[in-house]
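Colleague: Residues per chain, in single letters:
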Amino acid sequence: MSANELALQQAVEHLYTHHHQWLRHWLRRKLGCGELASDMVQDTFCRLLSLSRADLEALQTPRAYLTTIATRLLIDRSRRQKIEQAYLEVLALTQADNYAVSPEQHWQVIETLTLIAGMLDSMPEKPRQAFMLSRLENLTYPEISQVLGVSVSMVKQYIARAMVHCHHIMYGEDA
Amino acid sequence: MQAIASSPYSHIVLQAAEWHTQLQADDVSDAEREGFAQWMAADVRHATAYTQMEQLWARFDQAQEAPGKHALQAVLKPARRKRVKAATTALCLLGVMLVAAMAVNTSPARMLLADYHTGIGEQRTITLADHSRMTLDTHTAVNIHYSAGQRHIELLQGKLWLQVAKDKQRPFIVETAEGTARALGTQFTVRRQHQATQVIVIESRVEACAVQPRACVTLSPGESTHLQPGTTPRPTLVDPQVEAAWTHFKLVADNMPLPRLLNELQRYHAGHLSFDDSALEGIHVSGVFALNNTTQTLGMLARTTPVTITPYTPWLTVIQPEK
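Top to bottom, those sequences are chains A and B.
Each step along the first sequence adds one to the number in the working numbering, with nothing skipped, and position 40 is 34.
Each step along the second sequence adds one to the number in the working numbering, with nothing skipped, and position 31 is 162.
Be a bit skeptical, because a hint or two may be false.
Across the chosen pairs, the derived CB separations fall in these ranges [said to hold, decoys possible]:
| no. | chain 1 | residue 1 | chain 2 | residue 2 | range |
| --- | --- | --- | --- | --- | --- |
| 1 | B | V342 | A | R57 | 35 to 43 angstroms |
| 2 | B | D161 | A | G143 | 30 to 38 angstroms |
| 3 | A | H14 | B | N424 | 25 to 33 angstroms |
| 4 | A | T65 | B | G361 | 22 to 30 angstroms |
| 5 | A | R57 | B | N424 | 54 to 62 angstroms |
| 6 | B | N424 | A | T65 | 25 to 33 angstroms |
| 7 | B | A376 | A | S96 | 29 to 37 angstroms |
For the record, the hints were derived by calculation from the structure and aren't laboratory data.
Since the structure is predicted, the reported quantities are computational estimates derived from the model, not experimental observations.
Where is the CB? At the ideal position from N, CA and C, for every residue including glycine.
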């Protein structure tokens, strides 16, 4: 373990010691389930490990930051459940054999869809519409320009903006 | 924690996104390709960012498949609409309302931007804010307008089956271009075809109103009426079970003219079915036909009726009477 990693771990440990009880209590009140709250506390602190030490030490209001991360995780979790439910509903309705997959593949599909939903959800309305019509409905740029009532060059700008947005989520803003 | 907006790398990411978007167009010029090659060669980070764009783009493959697309719509769409809190928790499902329409004049844009829509051959069930349930048939588009005063469903195209939650304060109304169907009690059906809307009642009663002329008729179970411009709505008798078969991807035909059956199949079939109505008019069919495998159903028709069915491509199938 490098000196840098060690320092990061110490910074996270420091936060953990001082705030994990409080966060657990906060989550427990929100969720009404102690076990689930403990899981979410772990997940929240795991997320901190992906930050830099400087960022961690610069935190002015660690509790506000922790609740922000935890809330985001809660949203992901409920989104994931909704996606899985809707996905299974459609499978049951179409009874399509060609979607039969292994549990691992199923998990992978739901993970990917949750990630995609997260990207699309936080996207501004117009870029999202343009991007979805292009990527999911396979419409051409002139077709999208008709649907949205904007110029083709505007459509391209929207889609490029959408891609930048996804890039920030996937690779971070300062990669 | 935030990167500075003008940092060099964020600029490269934007350029990569712009190049990627440009190269997806149908009309990429040689000059653009040349410009792209130069940009890629100019800095090793350009190629890295561009590869990331391609990987991002590929991630969305999953969402192109029907189940994935629907799963996404389930989480994305409700956030855009105003949500109305159910006035009471003591809700009960009063019954089933089936709404069917076959609009041919709905623009693709309205269809795509509707609150909910299904593709060809797909069905989907949605639970509404008041716990009413709605099943969309193939190629169907609806907008949902719930407010404190009423529950209003706008059917742009296709067919709906609705199980309406009881709420005396807020009437449940389905509107099409031709008129409205208002739930007075429990179960009913509406169907719209060639700019005419058909309302069919499964259970309890429904008030169906035409727009032009302004006229209403109250329907009882097993009764149906057509709403279309210039005609005063009158009740006729139908078999509710036959009318509800589509919710199981089935079509029940009793001595049905073949062109009518083919028109129904067309709604579930991605490719175009080409046939001459007058040439096939004399052929009648009876039986239960599967709507979720139209290719197989067409194959069965070829074997059991005096017609020749020739698939030229997946997108064009020609049906002709046997010589």
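Colleague: Next step is simple, just say for each hint if it's right about the structure.
Modeller: Hints versus structure:
1. B:V342 to A:R57: 35 to 43 angstroms: Since B:V342 and A:R57 have Cβ atoms about 59 angstroms apart, the given range 35 to 43 angstroms is violated.
2. B:D161 to A:G143: 30 to 38 angstroms: With Cβ atoms ~31 angstroms apart, the hint holds.
3. A:H14 to B:N424: 25 to 33 angstroms: The hint (25 to 33 angstroms, Cβ to Cβ) is violated, given that A:H14 and B:N424 are roughly 55 angstroms apart.
4. A:T65 to B:G361: 22 to 30 angstroms: 57 angstroms, violated
5. A:R57 to B:N424: 54 to 62 angstroms: Hint holds: Cβ distance 57 angstroms, inside 54 to 62 angstroms.
6. B:N424 to A:T65: 25 to 33 angstroms: For B:N424 and A:T65 the Cβ distance comes to about 45 angstroms; the hint is violated.
7. B:A376 to A:S96: 29 to 37 angstroms: Check passed, 34 angstroms falls within 29 to 37 angstroms.
Of the numbered hints listed earlier, those contradicted by the structure are 1, 3, 4, 6.
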